Amino acid sequence: MAIIKTEGLTYVYGEGTPFRKVAVDHVDLEIEKGDFAGIIGHTGSGKSTLIQHFNGLLKPTSGSVYIDGEKLWDDKAKLRPVRFKVGLVFQYPEYQLFEETVYKDIAFGPKNMGLDEKEIDRRIKETARLVGIPHDILKKSPFELSGGQKRRVAIAGVMAMEPEVLILDEPASGLDPKGREHILGMIKEYHKEKGNTVLLVSHSMEDIARNVNKILVMNDSKLFCYEETAKVFHRSKELADMGLAVPQVTRVFDRLKAMGIELDEDVYTVKFGRDLLLDKLSKRKAEQN
Amino acid sequence: MIKDITLGQYFPGDSVLHRMDARVKLLLTAVFIVMLFIAKGIEGLAVGIVFTVAAFLISKIPLKMMGKSLKPIIPVIIFTAVLNLVFITTGDVLWEWKFIKLTRDGLDTSLFMVIRIICLICGSSLLTYTTSPIDLTDAIEKLLSPLKKVKVPVHELAMMMTIALRFIPTLIEETDKIMSAQKARGADMETGNILQKAKALIPILIPLFVASFRHAEELALAMECRCYHGGEGRTRMKQLKMSILDLWGTLFCMVFLAGVIAVNYFTKR
Ligand SMILES: Nc1ncnc2c1ncn2[C@@H]1O[C@H](COP(=O)(O)OP(=O)(O)OP(=O)(O)O)[C@@H](O)[C@H]1O
Ligand SMILES: [Mg+2]
Chain A
1 MAIIKTEGLT YVYGEGTPFR KVAVDHVDLE IEKGDFAGII GHTGSGKSTL IQHFNGLLKP
61 TSGSVYIDGE KLWDDKAKLR PVRFKVGLVF QYPEYQLFEE TVYKDIAFGP KNMGLDEKEI
121 DRRIKETARL VGIPHDILKK SPFELSGGQK RRVAIAGVMA MEPEVLILDE PASGLDPKGR
181 EHILGMIKEY HKEKGNTVLL VSHSMEDIAR NVNKILVMND SKLFCYEETA KVFHRSKELA
241 DMGLAVPQVT RVFDRLKAMG IELDEDVYTV KFGRDLLLDK LSKRKAEQN
Chain B
1 MIKDITLGQY FPGDSVLHRM DARVKLLLTA VFIVMLFIAK GIEGLAVGIV FTVAAFLISK
61 IPLKMMGKSL KPIIPVIIFT AVLNLVFITT GDVLWEWKFI KLTRDGLDTS LFMVIRIICL
121 ICGSSLLTYT TSPIDLTDAI EKLLSPLKKV KVPVHELAMM MTIALRFIPT LIEETDKIMS
181 AQKARGADME TGNILQKAKA LIPILIPLFV ASFRHAEELA LAMECRCYHG GEGRTRMKQL
241 KMSILDLWGT LFCMVFLAGV IAVNYFTKR
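First to last, the sequence lines map onto chains A and B. The numbering used here applies: residue 1 is where the first sequence begins, and numbers increase by one. The numbering used here applies: residue 1 is where the second sequence begins, and numbers increase by one.
Hints were generated in silico from the structure; no laboratory data involved. Owing to the predicted nature of the structure, the values given are computational and were not obtained by experimental measurement. Note that the Cβ used here is the ideal one computed from N, Cα and C, for glycine as well. A few of these clues could be false.
Derived lysine-lysine pairs resembling DSS-like cross-links, with alpha carbons at most 30 Å apart [claimed, not checked]: (1) B/Lys177 x A/Lys5; (2) B/Lys68 x A/Lys76; (3) A/Lys21 x B/Lys177; (4) A/Lys104 x B/Lys197; (5) B/Lys177 x A/Lys125.
Part of the chain A face toward chain B, derived, beta carbon under 10 Å [to be verified]: (6) Phe19; (7) Arg20; (8) Val22; (9) Gln52; (10) Leu58; (11) Lys76; (12) Phe84; (13) Val89; (14) Tyr92; (15) Pro93; (16) Gln96; (17) Leu97; (18) Glu99; (19) Phe108; (20) Ala154; (21) Gly157.
Non-contacting residues of chain A with respect to chain B, defined by C-beta distances greater than 10 Å in every case (computed) [as the list claims (entries may be wrong)]: (22) Met1; (23) Leu29; (24) His42; (25) Arg83; (26) Ser146; (27) Arg210; (28) Val249; (29) Glu262; (30) Asp266.
Make the full structure from the sequences, and use the hints.
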């Protein structure tokens, strides 16, 4: 059964004012348990609005959302448990830190779940290890940390709730390449260790290509498609029309193909492209000899 | 959602009222208030009502918005009505119960007061609905500029007002975001007693304070980078301009003011 399912999901901002804006338009979607999905789309295409429906933060203007088969918004009291099941990390989450110490801030979510001290402590230690926060930082105030460290603490605050579905809105934006690598690495690690569903919103096709196995494309408030990575990047023409680019390496290989070099597979990561090329070259060498 | 609180309640449009000069509108609003207050009887007030309705129709603001601005003062209206009904005890008695006496005069007065308040709120909210906050502060600065002569820091005050107005939507948006983020971590803001509810605000207030200080610092820096040095010799990109519309508006308003005075004069009792 799909862990997240939407039917005709529509959301309108500012209904009845001159600023009316349909941000999500009739989205029908099924996300399976264990998927690691990327969400892409041009600026203002409705990605952030869409994901805020998955944990009941926004109420659909029309249509419905099911989490684990249960319809949201039928019973308002059931929304809070849903938020523990579906963890959402907002864009620039470091601005939500508020506690005296990093430890206490990460504990905020688990505490709200009503877990006991021991379990909370275990979870904090575990997520701190996962996101790479050293022990001595746990006792510091979150306001003395660097931007990248703050980001990790904020993400840890949601991970510590061990949600079945973890959704992150551009978790790597505004960081240097090493910081990006680290954040994405720890998200991948979380997915691998727990086998949980992870949704990742990103503007970087390279990051998406390297990490996820399915891609959800939003275009002008509508769902364009939700398919395997390879299938999505195969439609590079359509993506380009929406103002989205396929990874650079895919473009290089598309050009190679256009030049008449036979390649039977699509390439969307540098590593895979390198292997494919080396393979091809060694075969050619063998033929020549 | 929290956005529904209309603080900067500008309602964009292209009506005659929208296009009038903010300074003129501000002054005419003052005239309008005078008009309502010099009306002695219900007849004079009727002229004020006609003016309010006319201005409302010209502005093309939806009726719903008027309801929105009246809603918060309903308690005041009810309070005024009851107070006048109960405490004015002259005139024919309409209804009596123990020590409470409702009289003809009381009824008249409270009706008069209620209508006056409603007109007052609707009329003056037209000003804020049809004028963007920035134009409004510009107008206030211009109108108060003679006070500069007596060393009142008019420009600085207006600048502070502009900045405050400018940041209200930003802070509301920020509050919304922080609230969502904490709710996503299971913060519970709806249930519990007062103490628990107050405690639940901490995770929202602290990031909000931090954000405000950050905004203030960034803005100060940005202003300094653009060589902001106060009002001396400063020109504006958007000049307030008066047009023929403003003349017509003023005339229109004056006619009604004269109307009220005339009605007052002729209905002397
Ligand atoms: N709080 C809001 N009030 C009114 N309109 C909004 C609000 N938030 C978003 N919108 C509008 O809804 C549309 C979708 O916004 P959304 O934030 O979901 O886009 P996005 O795909 O996340 O974009 P980005 O890649 O820039 O983050 C945009 O046109 C935006 O202007
Ligand atoms: Mg977004």
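May I ask which of the numbered hints given earlier this structure violates, with the numbers listed in increasing order?
-> Structure breaks hints 7, 8 and 25.
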